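Student: Sequence:
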Amino acid sequence: MKKKVAFICVHNSCRSQMAEAWAKKLGSDVLEVYSAGTEEYPEVKPLAVKVMEEEGIDMSSHYPKLLRDIPGEVDYLITMGCNVECPYIPCSYREDWGLEDPSGGPIEAYRETRKLIKDKVEDLIKKINK
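For the sequence shown, position 106 matches number 106 in the UniProt record's numbering, and the numbering has no gaps at all.
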């Protein structure tokens with residue numbers, strides 16, 4: 001049975017979207033993946049979409065979702081580094097990745113965040129497969 005994992009940040013416009021995309025690409029055999037934010041936002045950041053396209057991952061159909069749009073309980077809850085009070089969602093395991101938000105920065109900041117997220121998703125999949 002696949003494990004439900006949710007990636008959460010404030011706007012669901014960058015880091016959590018990248019994490020969702022990586023997890024779907026790398027862990028689709030073991031993960032049921034969601035992402036959401038705590039506040040509404042109009043779109044996924046265009047630079048986030050662009051840097052994921054560089055890795056062959058299409059996020060063009062992604063859109064920001066809110067907590068109410070995902071299951072009310074998950075196996076793994078991963079917060080991106082909210083810089084605010086992170087939300088409570090019932091889960092078996094919770095972890096905060098403490099990632100800086102590259103929003104407003106140069107494309108290189110997005111690329112670095114993309115790499116950090118990929119590494120962390122790979123580690124999460126290994127942990128789940130143990």
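By construction, these hints were calculated from the structure, which means they are not laboratory data. Every value quoted in this text rests on a predicted model; they were computed, and no experiment measured them. Where a beta carbon is used, it is the ideal one built from N, C-alpha and C, also for glycine. Please note that a few of the clues may not be correct.
[To be verified] FRET-style restraints, in silico, Cβ to Cβ:
#1 Glu122 - Cys91: 31 to 41 Å
#2 Met1 - Pro106: 17 to 27 Å
#3 Glu73 - Glu108: 12 to 22 Å
#4 Glu40 - Gly72: 28 to 38 Å
#5 Glu53 - Glu73: 11 to 21 Å
#6 Pro90 - Glu54: 30 to 40 Å
#7 Pro106 - Asn129: 20 to 30 Å
#8 Lys130 - Ser103: 12 to 22 Å
[What the hints assert, rightly or not] Straight-line C-alpha distance at most 30 Å; calculated DSS-like pairs for lysine-lysine:
#9 Lys65 - Lys118
#10 Lys25 - Lys126
#11 Lys126 - Lys65
#12 Lys50 - Lys3
#13 Lys127 - Lys4
#14 Lys24 - Lys3
#15 Lys50 - Lys130
#16 Lys24 - Lys127
#17 Lys65 - Lys2
#18 Lys3 - Lys127
#19 Lys3 - Lys126
#20 Lys120 - Lys3
#21 Lys118 - Lys130
#22 Lys120 - Lys130
#23 Lys115 - Lys4
#24 Lys115 - Lys25
#25 Lys3 - Lys118
#26 Lys120 - Lys24
#27 Lys3 - Lys25
#28 Lys25 - Lys2
#29 Lys2 - Lys126
#30 Lys130 - Lys4
#31 Lys65 - Lys24
#32 Lys3 - Lys65
#33 Lys115 - Lys126
#34 Lys130 - Lys2
Student: Go ahead and decide if the range 12 to 22 Å is satisfied by the Cβ distance of glutamate 73 to glutamate 108.
Tutor: 38 Å, violated
Student: Please work out if lysine 115 and lysine 4 have their alpha carbons no farther apart than 30 Å.
Tutor: 23 Å, holds
Student: Does lysine 118 sit within 30 Å of lysine 65, going by the straight-line distance between their CA atoms?
Tutor: With Cα atoms ~21 Å apart, lysine 65 and lysine 118 stay inside 30 Å; holds.
Student: Hey, lysine 120 versus lysine 24, does the alpha-carbon distance stay inside 30 Å?
Tutor: 13 Å, holds
Student: Between lysine 130 and lysine 4, is the straight-line Cα distance small enough, at 30 Å or below?
Tutor: Judged against 30 Å, a Cα distance of about 16 Å means the pair holds.
Student: Can the restraint linking lysine 50 and lysine 3 be considered satisfied, given a maximum Cα separation of 30 Å?
Tutor: 28 Å, holds
Student: Given the hinted pair lysine 25 and lysine 2, is their alpha-carbon gap at most 30 Å?
Tutor: 14 Å, holds
Student: Check the hint pairing lysine 120 with lysine 130 against an upper bound of 30 Å on the C-alpha distance.
Tutor: Answer holds: lysine 120 to lysine 130 is near 16 Å, not above 30 Å.
Student: Verify the proposed pairing of lysine 24 with lysine 127, using a straight-line Cα cut of 30 Å.
Tutor: 16 Å, holds
Student: Given the proposed pairing of lysine 3 with lysine 118, does the C-alpha separation stay at or below 30 Å?
Tutor: Answer holds: lysine 3 to lysine 118 is near 18 Å, not above 30 Å.
Student: Holds or violated: are the alpha carbons of lysine 3 and lysine 25 at most 30 Å from each other?
Tutor: 15 Å, holds
Student: Does the alpha-carbon distance linking lysine 50 and lysine 130 stay inside the 30 Å limit?
Tutor: 33 Å, violated
In the structure shown, a violation is registered for the earlier hints numbered 1, 2, 3, 4, 5, 7, 8, 15, in ascending order.
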